[in-house]
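> Given next are the chains, with one letter for each unit.
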Amino acid sequence: MERIAIVGVGQTKYERMKRGDSFADMVFEATSKALEDARMTIKEIDNVVTVSNDFWDGRTISSMAVMDACGAYEKNVSTVEGDGTFGTLYGMMRILSGSFGTTLVVAHSKGSESVSSLITNGMFDPIYQRALGLDAITSSALQARRYMHKYGITEEQCAKVSVKNHGNAKNNPYAQLAINISAKDVMASRMLSDPIKLFDASPISDGSCAIILASEDRSKKIAQKPVWIKGVGHCAEAYFLGDRDLAECPSLEAAAKKAYGMAGICNPLKEIDVAEIYDAFSYMELLWSEGLGFCGKGEGGKLIDSRKTQMKGELPINPSGGVLSAHAVLVAGLARVAECVLQLRGDAGARQVEGAKTAVAHGINGPCGQSHCVIVLGK
Amino acid sequence: MGKWTQKVEELVHHGRIKVPYTWSVGEVASRFFIELRDHKKIFGTRCPACKKVIVPARKLCGQCFRQIDDWVEVGDQGTVQTLTIVRYPSDAQPLKPPFGYGIIKLDGADTAMTHLLLGSDPATWRVGMRARAVFKEKREGNILDIAYFQPIPP
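Listed in order, the protein sequences are those of chains A and B. Residue numbers for the first sequence follow the numbering used here, beginning at 1 and rising by one. Residue numbers for the second sequence follow the numbering used here, beginning at 1 and rising by one.
Hint data in this document are derived by calculation from the structure and do not stem from the laboratory. Where hints are given, some of them may not hold.
To be verified - Sample of chain A residues at the chain B side, in silico, Cβ under 10 angstroms:
1) D125
2) I127
3) S193
4) A223
To be verified - Derived pair list, reagent style DSSO-like, types lysine-lysine, alpha-carbon separation capped at 27 angstroms:
5) K105(B) with K297(A)
6) K170(A) with K40(B)
7) K3(B) with K33(A)
8) K150(A) with K51(B)
9) K150(A) with K52(B)
10) K33(A) with K7(B)
11) K105(B) with K40(B)
12) K220(A) with K379(A)
13) K257(A) with K220(A)
14) K96(B) with K138(B)
15) K150(A) with K184(A)
16) K308(A) with K33(A)
17) K105(B) with K150(A)
18) K3(B) with K13(A)
19) K297(A) with K40(B)
20) K13(A) with K105(B)
21) K221(A) with K357(A)
Being a predicted model, the structure only gives us computed values, none of them experimental. Cβ atoms here follow ideal geometry from the backbone N, Cα and C, with glycine treated the same way.
Whole structure, please, built from the sequences with the hints as guidance.
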């Protein structure tokens, strides 16, 4: 594969009720920051991939409303309605097609402007499932319980993820929930849908993130040091929850295998220095760690107990605080990519993992991680 | 960027999107719902390739990418593979919390069905318990013709 670089990243701060900014204001801020980071002008952007969702925005063709804000006039624009990691994948493919030398990928979302349970209920089909009233929290609770039951993962182990990530968030100026909490606090927090409690769940967030991709040729003309996409894998599984064993994530295993194969990674725990993964709920970090091969099946609980995924551990997971600390839907996967880029450049400030050379960014789409995208990044 | 809100009053506009839809149910789900409505029977379809009985009935097996024409009646009881007890209200929910959701593998089925759990003390609910479909008195041909699944005491 021709080498593709990420040459610029920009994020807004993630906040609940970002009332001061419209969708376009957020997109303009993230895009401007990414251009500034890359030391590029909008004229050097060959094409744009926007990432947005019409239900969350409350308007159809939500991407078209932000064309001014992402500098897309007279450019080729296309849209991903799904997680930002898939936007990254698409942006990369557009360069690989030979048609473009650079791609701006920009995602935006405001969870606080509508009603999350009503929006996420809309991901279920209106024939067999939607009338049951399922949403992101209750469907994930079904997955959490299944996973914990099958493998003996405890609520305390899930709580440890929440403690770690909210603590890490204190080092991330973009994070929304940077808080000192104990596992006891997590366990005592309000039950939403058991076993998921308030501190096991990601917050409702508003925000935007942008990255700039470039071909190897074009990256030579860009001042910012490039971070390279070493491998990408993506895969989906069954839509209906009851068709799957929710304690397993075969689509993530397949996506990781593909990405690691491209990147030449044989032992993920040893060879990856930092991972940013989609922990919309605390149990997800454990389950996705298994799918990503950081530990064996059913060993996600032991992995968090081992402290290997702490900042000073063998493989720090979510130094940014992860999705648990800021969850602008769709934006969150792109933020994982941006955070990995900062880590590999040594620009991650107080959340820097010393000497990080290889990073993994991970995003999900669909109920209970129906599809996954895994991106291996390197210097 | 910054603190413009200190100088300018910050306005928000309220809105509501309300659009009626008429979703075509299709032949397979129509038959499934007619069996529920008229006979209080739950049907799945058996894939000709993997032989799995998929519930609720589906036109094709996603795993094998094969069309299915073989209809199989499954039990109105099954085993709960996972469950949750919902503690917060949402306008999307058909019941007032606390109530449960379960993924239930009905007897004779190879895939499981997601539905509501109600009708006994949630404190006694466990993964692996049995549950039975409770049908609505007045049925209309939709998924809520099964009012809920009631856990059966062991």
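> Each hint should be assessed against the structure and marked as holding or not.
Verification of the supplied hints:
Nearest Cβ of chain B to the Cβ of D125(A): about 9 angstroms, under the 10 angstroms cut. The hint holds. A least Cβ separation of about 5 angstroms between I127(A) and chain B falls short of the 10 angstroms threshold, and the interface hint therefore holds. For the restraint placing S193(A) at the interface with chain B, the shortest Cβ-Cβ distance is roughly 5 angstroms, inside the 10 angstroms limit, so the hint holds. Using the Cβ-Cβ criterion of 10 angstroms, the hint placing A223(A) at the interface with chain B is not satisfied: the shortest such distance is roughly 23 angstroms.
Distance hint between K105(B) and K297(A) is fulfilled; the C-alpha atoms sit about 23 angstroms from each other, no more than 27 angstroms. For the given pair, K170(A) sits about 56 angstroms from K40(B) by alpha-carbon distance, which is inconsistent with the 27 angstroms threshold. A C-alpha spacing of about 18 angstroms is found between K3(B) and K33(A), which places the hinted pair at or below 27 angstroms, so the restraint holds. The suggested pairing of K150(A) with K51(B) holds, with an alpha-carbon distance near 25 angstroms, which does not exceed 27 angstroms.
For a cut-off of 27 angstroms, the pair hint linking K150(A) to K52(B) stands: about 22 angstroms separates their Cα positions. Using a Cα cut-off of 27 angstroms, the hinted pair K33(A) and K7(B) holds, with the two alpha carbons roughly 24 angstroms apart. In summary, the hint linking K105(B) to K40(B) is supported, as the alpha carbons are separated by about 17 angstroms, within the 27 angstroms threshold. About 14 angstroms separates the Cα atoms of K220(A) and K379(A), which keeps this hinted pair within 27 angstroms; it holds.
Distance restraint check for K257(A) and K220(A): the Cα-Cα separation of roughly 30 angstroms exceeds the 27 angstroms cut-off, and the hinted pair is therefore not satisfied. Proximity of K96(B) to K138(B) is assessed by CA-CA distance (about 20 angstroms); at most 27 angstroms being required, the pair is judged to hold. The suggested pairing of K150(A) with K184(A) holds, with an alpha-carbon distance near 24 angstroms, which does not exceed 27 angstroms. Of the supplied pair hints, the one linking K308(A) and K33(A) is violated, its CA atoms being roughly 33 angstroms apart against a limit of 27 angstroms.
For a cut-off of 27 angstroms, the pair hint linking K105(B) to K150(A) stands: about 16 angstroms separates their Cα positions. Using a Cα cut-off of 27 angstroms, the hinted pair K3(B) and K13(A) holds, with the two alpha carbons roughly 14 angstroms apart. A distance of roughly 40 angstroms separates the Cα atoms of K297(A) and K40(B); the hinted pair therefore is violated under the 27 angstroms criterion. For the hint pairing K13(A) with K105(B), the CA-to-CA distance comes to about 44 angstroms; that exceeds 27 angstroms, so the pair is violated.
Between K221(A) and K357(A) the CA atoms are separated by roughly 23 angstroms; this keeps the pair inside 27 angstroms, and the hint holds.
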